[in-house]
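Visitor: Next come the chains, spelled out residue by residue.
Number of protein chains: 2
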Amino acid sequence: MEQKTKINAADATQDLLITREFDLPVELLFKAHADPEIITQWMGTKILKFESKKHGSYEIETSDPKGNVAFRANGVIHEFIANKKIIRTFEMEGAPFGVQLEIYEFEKLTDDTSKLTMHVIYESVAQRDQVLKLPFAYGLNMAHNRIQEILSKLK
Amino acid sequence: MEQKTKINAADATQDLLITREFDLPVELLFKAHADPEIITQWMGTKILKFESKKHGSYEIETSDPKGNVAFRANGVIHEFIANKKIIRTFEMEGAPFGVQLEIYEFEKLTDDTSKLTMHVIYESVAQRDQVLKLPFAYGLNMAHNRIQEILSKLK
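Protein chains in written order, with this note's numbering: chain P, 1 to 155; chain C, 1 to 155.
Everything labelled a hint here was simulated from the structure, so no lab data went into it. Keep in mind that the hints are not guaranteed to be accurate.
Copies of the same chain are indistinguishable here, so a pair counts whether it falls within one copy or spans any two.
[Stated by the list, open to error] Computed cross-link-like contacts, SDA-like style, restricted to lysine to any residue with a CA-CA straight-line distance of at most 25 Å: (1) K115 / E105; (2) K153 / L134; (3) K84 / A126; (4) K6 / V125; (5) K108 / E123; (6) K84 / F97; (7) K153 / E79.
Model, not experiment: these values are computed from the prediction.
Let the hints inform the model, and build the full structure from the sequences given.
Guide: This is the structure in structure tokens:
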């Protein structure tokens with residue numbers, strides 16, 4: 001089945017352009033990326049810190065069933081404009097992918113539909129290509145499906 | 001005269017690799033990038049905020065002789081490891097250069113010499129090339145000369 005989240009990785013560049021349309025008002029799509037309570041639901045992570053504001057920062061982690069930390073990430077929020085834009089850094093700790101600059105743009109299509117554009121910039125072409133070897137497209141599409149599902153209940 | 005600050009801009013990439021060696025202990029070179037009092041001296045800017053720590057942020061500006069703001073920039077600090085590394089974002093406000101991810105590495109060469117490596121990553125090749133049309137290399141070399149001069153007095 002075709003994935004709804006589209007990932008464009010041009011040859012020999014160090015960035016990705018990702019787009020997805022949602023059957024959600026832009027306000028709910030934005031909320032899915034700004035409200036710690038909702039982020040924890042679709043990402044399945046524990047939120048250690050999530051300051052949704054310009055010059056804020058965040059830390060998230062997941063644990064395995066035995067309580068050991070399986071995944072930990074953190075970053076800083078450079079820009080935060082409600083229902084329009086978030087610019088932040090993202091780093092998966094203990095992983096070889098470096099620090100990413102992520103630009104999220106939220107766009108109203110109709111009253112009930114909206115579009116997310118993510119521009120993700122890596123430190124190098126090699127790091128980006130390393131990420132693409134993971135089931136990254138599959139995982140992100142699944143995460144976006146969960147956003148659609150969880151936020152639909154809030155409509 | 002050859003500039004001491006070297007800028008490597010590979011074709012069709014969206015980043016710059018900048019290196020400079022200083023006749024300064026690595027601790028003083030780092031201090032030049034972390035201490036607001038010293039930054040204000042070599043950058044010639046007013047510091048509105050400068051939280052030199054992981055997940056901190058900063059805002060700087062300069063005014064013309066009439067008191068109008070001539071330049072304003074801000075960013076967030078993703079990583080801050082004393083005498084080793086700073087990873088931050090940088091945005092010149094009202095300019096078409098977007099948000100940059102900047103990775104500063106500080107390396108001890110001898111007790112009295114050190115090396116700065118700056119990896120600056122732009123949102124696009126076009127934005128990077130736009131920056132290179134400015135007297136960027138000249139300005140950065142001058143700024144680094146001021147670091148050498150000002151910090152030498154603290155040795």
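Visitor: Which hints from the list above does the structure break, by number from lowest to highest?
Guide: Violated: hints 2, 7.
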